[in-house]
Amino acid sequence: MYQAFVGLEIHVQLLTKSKVFCGCRAAFGDEPNTNVCPVCMGYPGVLPTLNRQAIVQAYLVARALDCELSESAVFERKNYFYPDLPKNYQISQLGSPVGRNGRVDLDLGGSRRRVPIREVHLEEDAGKMIHAGDVSLLDYNRAGTPLLEIVTEPVLERGEEAELFLQYFRRMVRYLGVCDGNMEEGSLRCDANVSVNRPGKGLGSKVEIKNMNSSRFVKKALAFEIARQSGLLDRGAPVAQETRLWNENRDLTEAMRSKEEADDYRYFPEPDLPPFKPDAAFLLDVEKGLVELPSARRERLVAEYGLGPDQVDFIIDEKSRADFFERTVALGADPLAAASWLGSDVKRLLNREGVELAESPLTPERLAGLLVLLASGRIHGKIAKQVLEVLFAEGKDPETIIRERAWEQLIDAGAIAKLVDEAIDANEKAAAQIRAGDEKPVGFLVGEIMKATSGRAEPQLVRSVLKERLAKSR
Amino acid sequence: MELKELYVTASLAQLDLSDEEAETLSALVGQMVEYFSTMREIDVENLEPTTHALLKTNRVREDAVVESAAADTLVGNAPESEGRFIVIPNVL
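Chains as they are written, first to last, in this note's numbering: chain A, 1 to 474; chain B, 475 to 566.
FYI, nobody ran anything at the bench for these hints, they're computed from the structure.
Note that the structure is a prediction, hence the values are computed from the model and not measured.
In this text, a Cβ means the ideal position worked out from N, Cα and C, and glycines have one as well.
Incorrect hints may have been included.
[As the list claims (entries may be wrong)] Facing chain B, from chain A, some residues (calculated, C-beta under 8 Å):
no., residue
1, Ser18
2, Thr34
3, Cys37
4, Pro38
5, Met41
6, Arg52
7, Val74
8, His131
9, Ser136
10, Leu137
11, Leu138
12, Asp264
13, Pro275
[Unchecked claim] Covered by chain A, per the in silico footprint, the following chain B stretches (three or more residues, Cβ under 8 Å):
no., region
14, 541-547
15, 553-562
Here chain A stands alone, though its shape is the one from the complex (with noise of 0.2 Å):
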């Protein structure tokens, strides 16, 4: 058996309206090169500016880390030369980054664990190439838009306790509102480092891991890569220390280029930009931006409404959905009724109609609605359903559907008397079978005032009445 230690490099595109240190757009899917400006295509004679809200949202992830919050924080220059960098440097941060020695405790797999963070740091991203034939295309319209680096210790041991780890940080910036955390389209991105070596002996060959643009190619990557290295200690053979590839369609990884002169980045401070000092007015605006985390607002919504693990789940993935529920809650709705419709019924019409629940016609004020007619008796649990179709259908009310289609049970004890006695009327023989003891006909009864009131009788009440009428006349 051997001992693998996996490190994770993860880079989120943060949700600026303008690039880091220009003002052009930091937009996606624009026409090519139409956002760019001397600065960032790298001009002489420019001055770059930072970015108020983005080295907020960068002290934001390193405050809500835990790491310790630089005083200072310095830009350098990273250099390398490929197309994708109009510089050929790389705004970046190095001896003094935002934040350090940050820390993450989550459940990996049954087990809490801490998964230490090295640090985090902020820098602009690169263009984007497409390579068509002969040629490459370029567009900067991505370069130096605000991207914020992430490093953690390499603790994680398996592929999917690096999956789990991903997604809690998914979700924590989707949280925080610094980052869509679409890994798809790649605002938000995972490296990996990897090695492995007999119980005791440290860390092994370092082999870094990228192009897995989903937690779920995180997680076979490195089950793959453990295996692969595992392998090659088990015959005796090196492991070359290298960069390697996630080929997504073979589900392997191939190697990518070696490492054996390690890159050279000549860094050295940006004299363009001065450090950064964050002040008390700073400090605070970040504090701000601090909200209830995921971890914490689960352990607080199953110790405050006693949702179980798999509702709990559900409810905290997304802020807006675990706002939803406790607006719903505020305003009336018993929590685990609230927290089982939106993880059975509406979860299902949003997937049918492909929206999300802050696009949809719900709101929590239509959902309470709904959840307190049926909790009061005012309308049956297959009438609800109904009432929830047509309220995403026509965007209405729950109280103006069930008005406008007459859905609201008959619970008039005054309304359902005459309903008894009207079947009773009509039903003669039945009713004589009961009078004489028989009370295999009073299904019969209930199932036609059933019938006649198209199921909006409260069919309880239509039994005891029926029973009452039929007992005393005897």
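Here the structure of chain A is known, so what remains is to put chain B in place on it, guided by the hints.
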């Protein structure tokens, strides 16, 4: 400076050196490296590194978009383009 080191440095800087250039430069660069080793002897214990000349205040801007008026010119400056893409020989 060792020639081998010089060639590594030149290749990182994307410079193609002829043998004569390398010969001349190795002596000159060697001198520079020596200056650095002289500087290294200075005792900087307990000194904050001076990374910048002006350290008065943070210089930040609000997160506001400034439409780039120069975008078309910048694309036009490229030796070759296709639509709005800048075209270079395939680097993959």
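Now for the hints, and whether the structure bears them out:
Satisfaction of the interface hint for Ser18/A is found here, the shortest Cβ-Cβ separation to chain B being roughly 5 Å, below the 8 Å cut-off. Satisfaction of the interface hint for Thr34/A is found here, the shortest Cβ-Cβ separation to chain B being roughly 5 Å, below the 8 Å cut-off. At its closest, the beta carbon of Cys37/A sits 4 Å from a beta carbon of chain B; the interface hint therefore holds under the 8 Å criterion. Because the closest C-beta pair between Pro38/A and chain B is about 6 Å apart, less than 8 Å, the hint holds.
Because the smallest distance between the Cβ of Met41/A and any Cβ of chain B comes to about 5 Å, under 8 Å, the interface hint for this residue holds. Among the interface hints, the one on Arg52/A holds; its C-beta lies about 4 Å from the nearest C-beta in chain B, closer than the 8 Å criterion. The interface hint given for Val74/A is met, as the beta carbon of that residue sits about 6 Å from the closest beta carbon of chain B, less than 8 Å. At about 4 Å, the closest approach between the beta carbon of His131/A and any beta carbon in chain B falls short of 8 Å, and the interface hint on this residue holds.
Using the Cβ-Cβ criterion of 8 Å, the hint placing Ser136/A at the interface with chain B is satisfied: the shortest such distance is roughly 5 Å. Satisfaction of the interface hint for Leu137/A is found here, the shortest Cβ-Cβ separation to chain B being roughly 4 Å, below the 8 Å cut-off. Restraint check, Leu138/A versus chain B: the minimum CB separation of about 4 Å is within 8 Å; hint holds. Here the hint on Asp264/A is kept, as its CB sits about 6 Å from the closest CB of chain B, short of 8 Å.
At about 6 Å, the closest approach between the beta carbon of Pro275/A and any beta carbon in chain B falls short of 8 Å, and the interface hint on this residue holds. Coverage of the region 541-547 of chain B by chain A holds [criterion: at least 3 residues with CB-CB distance below 8 Å; count 4]. Residues of the region 553-562 of chain B lying with their CB closer than 8 Å to a CB of chain A number 7, which satisfies the three-residue condition for coverage.
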